[in-house]
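Generate the whole structure from the sequences, applying the supplied hints.
Heads up: the sequence lines are chains A and B, in that order. Position 196 of the first sequence, counting from 1, maps to 196 under this note's numbering, and the rest follow consecutively. Position 220 of the second sequence, counting from 1, maps to 220 under this note's numbering, and the rest follow consecutively.
Careful, some of the hints might be misleading.
The list makes no distinction among identical chains, and a pair is therefore deemed to hold if it is satisfied within one copy or across any two copies.
Taking lysine-lysine pairs in the BS3-like style, the calculated list, with each CA pair at most 25 angstroms apart, reads [to be verified]:
1) Lys37 <-> Lys47
2) Lys182 <-> Lys204
3) Lys240 <-> Lys99
4) Lys218 <-> Lys236
5) Lys115 <-> Lys192
6) Lys218 <-> Lys47
7) Lys251 <-> Lys216
8) Lys75 <-> Lys22
9) Lys75 <-> Lys240
Simulated from the structure, these hints should not be mistaken for laboratory data.
Protein chains: 2
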Amino acid sequence: MIKVSVIGSGNVAQHLIQAFSKTDDLELVQVFSRNPKSVSTTLATAKIISDFNDLKTVDLIIIAVTDNAIVEVSKQLPFQNQLVVHTSGNLAMESLNDKNRKGVFYPLQTFTKSKEIDFTTIPICLEAQNESDFKTLEMVASSVSDSVSRINSKQRKALHVAAVFVSNFTNHLYQIGFDICKENDLSFDILKPLIQETASKIKKLLPSEAQTGPAKRKDTQTINEHLSFLTNENQKEIYKLLTKSIIDNGKKL
Amino acid sequence: MIKVSVIGSGNVAQHLIQAFSKTDDLELVQVFSRNPKSVSTTLATAKIISDFNDLKTVDLIIIAVTDNAIVEVSKQLPFQNQLVVHTSGNLAMESLNDKNRKGVFYPLQTFTKSKEIDFTTIPICLEAQNESDFKTLEMVASSVSDSVSRINSKQRKALHVAAVFVSNFTNHLYQIGFDICKENDLSFDILKPLIQETASKIKKLLPSEAQTGPAKRKDTQTINEHLSFLTNENQKEIYKLLTKSIIDNGKKL
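Next comes the structure, spelled out in structure tokens:
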């Protein structure tokens with residue numbers, strides 16, 4: 001059975017640990033955490049370590065820490081020629097320390113500690129320096145997810161940027177919707193079915209097919225009325241830029 | 001039983017007609033359509049008319065046509081002192097012709113002809129000039145939806161603007177994600193679970209609690225790397241503006 005250890009105790013690490021605990025296809029050997037309490041509920045205490053020198057030899061070490069800490073953690077590992085991967089969407093595989101074999105194990109999802117998630121639906125993007133290591137990663141990823149892809153570092157960066165648009169920026173648009181509701185004594189709940197349907201449409205339709213609204217219709221009267229209604233300069237600016245982008249996009253089609 | 005007729009055959013009209021056909025709480029008397037073929041599949045031919053003079057007296061006339069045509073249609077109706085409503089999120093109730101009693105019946109949702117939708121989950125925003133007409137609208141709305149609210153014209157405009165942000169603009173961010181995938185030989189499918197989860201989080205969490213990403217973390221290194229990665233000036237500009245907005249929003253909290 002493939003032996004895996006995880007370094008980290010943040011959102012990604014916690015969700016990985018939970019997913020690994022549920023499968024019989026691999027053995028989760030150890031979890032390194034500078035803050036053992038944060039992982040203790042999901043794991044036997046004996047498996048939790050906080051000293052790199054206690055790390056046992058395994059088939060795969062997954063560094064699931066913030067981007068800024070990955071280079072340093074990979075340097076501190078007390079062994080060499082092991083398969084070591086990070087979980088970052090943004091960092092190149094090459095950033096890992098040269099003393100070990102490198103790879104990437106990037107689950108493309110937005111993780112929130114308080115919210116459970118079905119790991120089997122999460123796309124896992126894999127990269128490795130050689131085919132045998134790639135096979136190991138593929139086996140580990142397939143044991144927890146139904147969607148496993150080979151993605152090189154440049155493509156992974158593209159996905160990470162795209163994810164910022166479709167997830168982080170989208171959530172900020174929800175924030176603006178929330179703010180507009182609040183200013184007008186309206187419950188944000190009234191927008192929630194619309195938010196769900198907008199996401200649901202994209203399962204089957206292309207974004208170009210799903211696009212609706214005044215910008216798509218080039219309905220300048222409604223656009224101008226909306227701009228007069230908005231008093232917040234920042235909201236106005238975002239409205240103008242995204243409206244222009246939708247209109248320009250329509251011209252390309 | 002309340003008698004209702006619908007004017008129009010676009011997305012909103014079609015979905016309303018379908019919903020009304022399914023309930024036994026009201027009688028759908030007639031549908032006016034300049035293009036009878038577009039509604040004929042869902043309705044008995046005898047009910048479809050294309051001459052305003054054929055309209056029978058009913059309890060409620062719903063004008064479900066594009067914003068630009070509402071004023072003219074309400075003027076052409078061959079009767080007076082009837083309850084006449086429009087379905088627009090943007091137009092004031094007062095825009096309807098003065099010869100009839102006015103109201104608004106605004107279903108807050110994004111409708112696509114090719115996609116069925118559970119009407120019971122759609123919030124319906126109602127407005128009327130008097131309480132007795134409001135009760136009629138409330139009965140009609142409640143017969144097809146579980147979410148019925150009293151919303152005045154200013155609040156409705158706010159909702160319409162908010163809907164542009166959370167739905168039309170969000171879909172455009174999906175479009176940008178799609179474009180970035182295409183440019184990098186990636187399937188857009190890989191972003192779909194993230195899109196669904198981003199929408200799903202908002203059911204339980206506030207947008208401020210659900211916000212993640214480099215802007216939220218003020219991770220300027222990743223932000224700069226993303227900006228260097230993007231070559232499309234329009235995408236760059238949207239990235240900058242939304243990133244700034246997330247950072248500024250964080251300062252307010």
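Results for each hint:
1. Lys37 <-> Lys47: Within. Shortest intra-copy distance 12 angstroms satisfies the 25 angstroms Cα cut-off; inter-copy 69 angstroms does not.
2. Lys182 <-> Lys204: Classified as between; 17 angstroms across copies, 33 angstroms inside a copy.
3. Lys240 <-> Lys99: This pair counts as neither: shortest intra-copy Cα distance 51 angstroms, inter-copy 38 angstroms.
4. Lys218 <-> Lys236: Both, since 17 angstroms and 23 angstroms are each at most 25 angstroms.
5. Lys115 <-> Lys192: Both. Shortest intra-copy (18 angstroms) and inter-copy (18 angstroms) distances satisfy the 25 angstroms Cα cut-off.
6. Lys218 <-> Lys47: Cα proximity of Lys218 and Lys47: none, with 60 angstroms in one copy and 34 angstroms across.
7. Lys251 <-> Lys216: within (10 angstroms within a copy, 33 angstroms between copies)
8. Lys75 <-> Lys22: Neither: 30 angstroms inside a copy, 66 angstroms across copies.
9. Lys75 <-> Lys240: Result: close neither inside a copy nor across copies, 47 angstroms intra and 34 angstroms inter.
In this structure, the earlier hints numbered 3, 6, 8, 9 are contradicted, and the remaining ones agree with it.
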